[in-house]
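Taken in order, these protein sequences are the chains called G and V.
Numbering of the first sequence is given in my numbering, commencing with residue 1 and proceeding in unit increments.
Numbering of the second sequence is given in my numbering, commencing with residue 1 and proceeding in unit increments.
What the hints contain is simulated information worked out from the structure, not anything from laboratory work.
Cβ atoms here follow ideal geometry from the backbone N, Cα and C, with glycine treated the same way.
Check the hints yourself; a few may be wrong.
As the list claims (entries may be wrong) - Using 25 angstroms as the maximum straight-line C-alpha spacing, the simulated SDA-like pairs for lysine to any residue come out as follows: (1) G:K2 <-> V:A121; (2) G:K2 <-> V:A283; (3) G:K157 <-> V:T144; (4) G:K157 <-> V:A142; (5) V:K306 <-> V:Q83; (6) G:K109 <-> V:A142; (7) G:K157 <-> V:R269; (8) G:K37 <-> V:R22; (9) G:K197 <-> V:K306; (10) G:K152 <-> V:A142; (11) G:K197 <-> V:A121; (12) V:K174 <-> V:Q288; (13) V:K192 <-> G:K37; (14) G:K2 <-> G:Y64; (15) G:K197 <-> V:R269; (16) G:K87 <-> G:A29; (17) G:K157 <-> V:A121; (18) V:K174 <-> V:R269; (19) G:K157 <-> V:R132; (20) G:K197 <-> V:R132; (21) G:K152 <-> V:P238; (22) G:K2 <-> V:M161.
To be verified - Over the 10 angstroms line for every Cβ pair with chain V, so calculated as not near, a few chain G residues: (23) A10; (24) P47; (25) S51; (26) I55; (27) D58; (28) Q68; (29) T71; (30) A74; (31) P101; (32) G181; (33) K216; (34) E218; (35) Q225.
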Amino acid sequence: MKIEIAGENALILYFSDQVNDESSAQIQAMIQALDAKVGNGIIDLVPSYASLLVIYDDDIYEYYAMCQLLTDMAKQLGNQDDQGEGKLITLPVYYGEEAAPDLEELAQKAGLTTDQVIDIHQGQIYRAYAIGFAPGFAFLGQVDERIAMPRKSTPRKAVPKGAVAIADRQTAVYPSVSPGGWNLIGLCPVLMFDPDKTPSMPLETGDRVQFQAISKEEFLAMGGQL
Amino acid sequence: MIISNPGVLALVQDMGRIGQHRIGLTVGGPMDPFSFHWANRLCSNSENSTAIELSIGGFSAEFTQDTQIALTGAVVDIKVNGQAAPMWHTLTIKAGDVLKVGFASEGCRIYLAVQGGFPVAPQFGSTATVVREAIGGLDGHALTKGSVMPLSPWQPQPNLMMPEMYRPYFLNPKPLRVVLGYQEASFSAVDKANFFSSDYTVSERMDRMGYRLTGYECRSSISNMLSEGISHGAIQLPPDGQPIVLLNDRQTIGGYPKMGSMIARDTARLAQMTQGKTVSFEAVTIEQAHAINLLSRHHESKIQLKSTD
């Protein structure tokens, strides 16, 4: 683990320079260990693919003390075998034509049929590496290389709420209507962010996600809108 | 209080939304926390009371009950019922009074606090409006013509003023101080030297998410990196080499190389600057940053508001 300064009261911990399950597990372990101090010397934590940003109260912790605390904590956790698998969440997806404006094009570019793309997309378990961009937007990885697809050259002004999308080797469910350049391959009827609910999200970083194809009828019955 | 004209941008703000980065919520809160703090203090309010941040100005509103208010921040003409009224003073307001705020001549963020704070329901622990997230404020949006801001029951408090010597001076040419960090090692010594010795100009792309500056092009040797957490004041250098200082409404994660982060004392000054202003950077060590903070807190603890009763 490498520590860099991220600001007058922030440090960033780098666990790896690439995305992998091991650093993801280390990040989750660090979060669990630091959680008790959030609101009590630690202001906030921002996990991402291979790093963890720690924002602390510089009235309580001096820089060197915080470096020491984080280094010691990482050392202690490094000796644990418990990697913590995270929750496994199944998200239903309607992959039908009217819900998937980019599926056909993606399949063509990938040299696959749309059914093959759907099978590959729902055929694996993803990990939630980071939440950001918009409230409740979870970056899930890694998408199978066969269906990885760069962002669209012209982003859409309004991607619908619940859109299931792919960008490079990441996939996500748009939590609300927002601009976006990802390739849209389906719609998920599960609300990814509800400010009036506790918890406001069905998943957190470190959790695992699997997609499951549903019919149009099931999608509508679950409250999905076309 | 009924808003008759929100002006350029009027946002309900408290100190910001803390501890919610993990679900992707940013902080929000006042761009100039110093001015925000003293607006509340002039109304004898607690630290985190909800006030309104006006950008540039052009705001007007009618009060629906008696209360006391205070305006701080950017230099702007204010009128109550057409009569000029001072900034950095507690002002006594009667039901039916009309407040008009002109356009800032120095600085660009103005704070309007009312006695007791605006009683707005918090979302995720804060009333701070983040328009991009549609979170906070009255309904996640900026105030509009006809918005009705609730007021707290008025409990008469002393009338105070902040002596001029303590008020911020927005034309201060002092460099903006930066703690090196993040991917600073990926910038060449020449680029770094130029970054810290050149003047930059505040571009038209300056808002609550960040300030884009134009000047010497400074490029990282990293072309592709994993997205990571962005701290307040982080200075991002996208492939065009023009720095963006990320502020209150920044996205919580991002994938551009960063030189380090501006200290909060100075993001407050930057946030008061308008398009075309010239700025420069100065590198400080983390120890210097802490010393600056300690000294500033010490000075602020010595500020004594004067009674005007």
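Status of the stated non-contact between Q68 (chain G) and chain V (beta carbon gap over 10 angstroms): 14 angstroms, holds
Was I55 (chain G) rightly flagged as not at the interface, with every chain V Cβ beyond 10 angstroms? 6 angstroms, violated
Compare the distance between the alpha carbons of K157 (chain G) and R132 (chain V) with 25 angstroms, and conclude whether the hinted pair is satisfied. Status holds; Cα separation ~14 angstroms.
Exclusion check [T71 (chain G) not at the chain V interface, CB over 10 angstroms]: 16 angstroms, holds
Pair hint outcome, K152 (chain G) versus A142 (chain V) [Cα-Cα no greater than 25 angstroms]: Distance of about 31 angstroms is beyond 25 angstroms: violated.
Measure nothing beyond the straight line between the CA atoms of K306 (chain V) and Q83 (chain V); if it is 25 angstroms or shorter, mark the hint as holding. Distance of about 22 angstroms is within 25 angstroms: holds.
Mind checking the alpha carbons of K2 (chain G) and M161 (chain V) for me, to see if they're no more than 25 angstroms apart? 49 angstroms, violated
Can we confirm that no CB of chain V comes within 10 angstroms of the CB of K216 (chain G)? 29 angstroms, holds
Has the given pair, K174 (chain V) with R269 (chain V), been kept, meaning a C-alpha gap of at most 25 angstroms? 10 angstroms, holds
Please confirm whether D58 (chain G) is truly not at the interface, meaning its C-beta sits more than 10 angstroms away from all C-beta atoms of chain V. The claim breaks: D58 (chain G) does not keep its Cβ more than 10 angstroms from every Cβ of chain V (closest is about 6 angstroms).
Could you let me know if the closest chain V CB is still more than 10 angstroms away from the CB of S51 (chain G)? Nearest chain V Cβ is 4 angstroms from S51 (chain G), so the label is violated.
Does K197 (chain G) pair with R132 (chain V) here, judged by a C-alpha cut-off of 25 angstroms? Distance ~20 angstroms between K197 (chain G) and R132 (chain V) Cα, so the pair holds.
Going down the numbered hints, you'll see the structure goes against 1, 6, 7, 9, 10, 13, 15, 17, 22, 23, 24, 25, 26 and 27, while the others check out.
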